[in-house]
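With the hints as your guide, set chain B onto chain A.
Those protein sequences? They're chains A and B, same order as listed.
Residue numbers for the first sequence follow numbering that gives the first Met the number 0, beginning at 0 and rising by one.
Residue numbers for the second sequence follow numbering that gives the first Met the number 0, beginning at 0 and rising by one.
Honestly, the hints are just simulated from the structure, not real lab data.
Warning: the hint list may mix true and false statements.
Pairs involving identical chains hold if they fit within one copy or between any two copies, as the list cannot separate such chains.
Stated by the list, open to error - When the alpha-carbon atoms are kept at most 25 Å apart in a straight line, the in silico SDA-like pairs for lysine to any residue are as follows:
1. Lys264 - Glu10
2. Lys112 - Met143
3. Lys198 - Pro123
4. Lys293 - Gln20
5. Lys112 - Arg29
6. Lys198 - Gly113
7. Lys264 - Asp249
8. Lys264 - Gly113
9. Lys112 - Arg26
10. Lys112 - Asp2
11. Lys264 - Asn104
12. Lys264 - Ser64
13. Lys112 - Lys264
14. Lys264 - Val106
15. Lys293 - Met90
16. Lys293 - Arg18
17. Lys264 - Gly89
18. Lys194 - Arg37
Each chain, written out:
Number of protein chains: 2
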Amino acid sequence: MSDVTLQQVREALERIRERIQPTPVLRSDRLDQITGARLFFKCENLQKTGSFKARGALNTVFSLSEDQASRGVATHSSGNHGAALAWAAGMRGIPATAVMPSNANPVKVAAVKGYGGTVIFCEPNHKAREETAARFISETGAHMVHPYNDVRIVAGQGTVALEFLREMPDLDAIVTPVGGGGLLAGTAIVAKGLKPAIKVYAGEPEGAADASQSFNSGVRTPVSNPRSIADGLLAFVGDITFPEIMEHVDAIATVSEDEIERAMKLLFEELRVPVEPSGAVSFAAVAGGKLDVKDRNVGIIISGGNIDLESNPWARPPAK
Amino acid sequence: MSDVTLQQVREALERIRERIQPTPVLRSDRLDQITGARLFFKCENLQKTGSFKARGALNTVFSLSEDQASRGVATHSSGNHGAALAWAAGMRGIPATAVMPSNANPVKVAAVKGYGGTVIFCEPNHKAREETAARFISETGAHMVHPYNDVRIVAGQGTVALEFLREMPDLDAIVTPVGGGGLLAGTAIVAKGLKPAIKVYAGEPEGAADASQSFNSGVRTPVSNPRSIADGLLAFVGDITFPEIMEHVDAIATVSEDEIERAMKLLFEELRVPVEPSGAVSFAAVAGGKLDVKDRNVGIIISGGNIDLESNPWARPPAK
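Next up, chain A with everything else stripped away, as it sits in the complex (with noise of 0.2 Å):
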């Protein structure tokens, strides 16, 4: 049984797609000379707000009704979410508020502020953030919307193979990153729906492999204390994600620290765009031998972008 549908996809574009920048699909012949394979990069890292999140946050938002609209919208995420969410309130003119940790990194408080969304702070646990997300909800009647565990968060996110498979028809493969599994079930869902044949396949860090592990025994089961530089993968994947993961995914390929890093630099030398760790998850499952992608047409779904300009030289602006 699949809880969302192509349908709904389609209908999110719809909703979305005047709003959002259509993505760009970059090539490399180095890239395609490394891996053997013809590869095609979908650069959701030069999305709005910096990456896919701005398609779901923005679905769902469009999706409630006035009545519901007018009491605003919360999450819990400290994440690319909270920033996208905060920026598709502002486009709809609706309050959001997003519960953060006290010691959340400042760049990702910056971010949601900047779009114009409130920060309330919280102890950095995970039954503090519940908790106080709970009571603002109740407070205020606040709609709480989830990072990834949401039909029309999943619809959302799964525009972009949509908008990808609509350009690249050809693709003998798409490879997502994952880590609560929204993006991932969102294009598997759209890419068997549209095309039987192609492969759906993800790449997630070998620190937090829970899809990896769940996937391979079809039992969703967290693992205990994730970690990797691909912070925005360090979710466990969710009840409304994984069904849809277990029936279209074909595999998940676990990728080393070093995996990440080298992806995410030969990335920028190539494609000369800046991608953040969880965004070089997808191509480094490609790049590190892991996928069967020889000779293939392989869509590679570049995630998200956003590099903390303070503390990472890589992308730190010019001097003045």
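Frame of chain A, contents of chain B only:
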């Protein structure tokens, strides 16, 4: 009298289109707000070899007869054109040689070599470069490809605007940087040819304002000792490009070094792509309020993104 025609640009695009990257047009709400215009950024920094120079070089290399091509190509450009020519020659399977000063930036030397080109070093002065190149050509019969003052190069660079206006026919103005004038001349020929009412503008560094001063006086006149962080724009406007610029261009605005750096930073923050100083000069002219763009649809050509990975902290790869 026009030496380069819209038809030549159309033929150039047919000649090169299978080998170049169709570059994306990116947008930013914040940059629209800052400038009071609707801005459309044509990202030639994401072009093969990292700049629009790939287009002119490829058009020229593929315009050569078999006999000409067999003896290879040469240039004395030490910038993006040198790398682009080596890349284009590689596409045709012929040798390329760049004469470069002994003190040339090692990153630029590496770029030429990385695309399979040969570098011949000479004393670091203009006379030595010209003489060394002339001697090499007389000895080998290689075909000299000037970085901008060549009809085939101008036609190739004009393909940026042709692609841009086909995708965005409603532009009211188009803005490029100007150095030797290849991109500006090609852009102006295409834009005025397709749409006589469009405005064609350029930005130029204050410290290398020969095109601006020549344009305003009507007499092609060099400046002594041009200096700018926009090292791709130090060249003296050519005797082929200048008449096209006089005939078709509406205004050339000069920008300070600070304005260039500010533009680079804004572009990186908002479009999430690295832009080299020369590539940011077109936007710097708009952001500096030097051109009449209020409420207009303005196409801005971002010409290149080759930031020195070794010495520029903005673009340094992650430490390994």
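Each hint tested on the structure:
Taking the shortest Cα distances, Lys264 and Glu10 never come within 25 Å of each other, neither inside one copy (36 Å) nor across copies (36 Å). In this assembly of identical chains, Lys112 and Met143 lie within 25 Å of each other by CA distance solely inside one copy; the values are 18 Å within and 55 Å between copies. Within a single copy, Lys198 and Pro123 get their C-alpha atoms no closer than 39 Å, and across copies no closer than 55 Å, so neither meets the 25 Å cut-off. Taking the shortest Cα distances, Lys293 and Gln20 sit within 25 Å of each other only across copies (23 Å), while inside one copy they are farther apart (31 Å).
For the homomeric pair Lys112 and Arg29, the shortest alpha-carbon distance between copies (14 Å) is at most 25 Å, but the shortest distance inside one copy (40 Å) is not. In the homo-oligomer, the alpha carbons of Lys198 and Gly113 never lie at most 25 Å apart, since the shortest distance is 39 Å inside one protomer and 34 Å across protomers. With identical chains, the CA atoms of Lys264 and Asp249 are never at most 25 Å apart, being 27 Å at best within one copy and 41 Å at best between copies. For a Cα distance limit of 25 Å, the shortest separation of Lys264 from Gly113 across copies, 16 Å, qualifies, whereas the shortest one inside one copy, 28 Å, does not.
Taking the closest pair of Cα atoms, Lys112 and Arg26 come within 25 Å of each other only across two copies (21 Å); inside a single copy the shortest separation is 35 Å, beyond that limit. Taking the closest pair of Cα atoms, Lys112 and Asp2 never come within 25 Å of each other, the shortest separation being 33 Å inside a single copy and 53 Å across copies. Taking identical chains as interchangeable, the C-alpha atoms of Lys264 and Asn104 lie at most 25 Å apart whether they share a chain (23 Å) or sit on different chains (21 Å). For the identical chains of this complex, Lys264 and Ser64 are neighbours neither inside a copy (44 Å) nor across copies (39 Å), given an alpha-carbon limit of 25 Å.
For the identical chains of this complex, Lys112 and Lys264 are inter-copy neighbours only, at 20 Å across copies versus 30 Å inside a copy, given an alpha-carbon limit of 25 Å. Both within a single protomer and between protomers do Lys264 and Val106 lie at most 25 Å apart by alpha-carbon distance, with minima of 22 Å and 16 Å respectively. In this assembly of identical chains, the alpha carbons of Lys293 and Met90 lie at most 25 Å apart only when taken from different copies (23 Å versus 43 Å within one copy). Proximity of Lys293 to Arg18 under the C-alpha cut-off of 25 Å is restricted to the inter-copy arrangement: shortest distance 22 Å between copies versus 37 Å within a copy.
For a Cα distance limit of 25 Å, the shortest separation of Lys264 from Gly89 across copies, 24 Å, qualifies, whereas the shortest one inside one copy, 34 Å, does not. When the C-alpha separation of Lys194 and Arg37 is checked against a cutoff of 25 Å, the pair qualifies only within one copy, where the shortest distance is 18 Å, while the shortest distance between copies is 38 Å.
When held up to the earlier numbered hints, the structure conflicts with 1, 3, 6, 7, 10 and 12 and fits the remainder.
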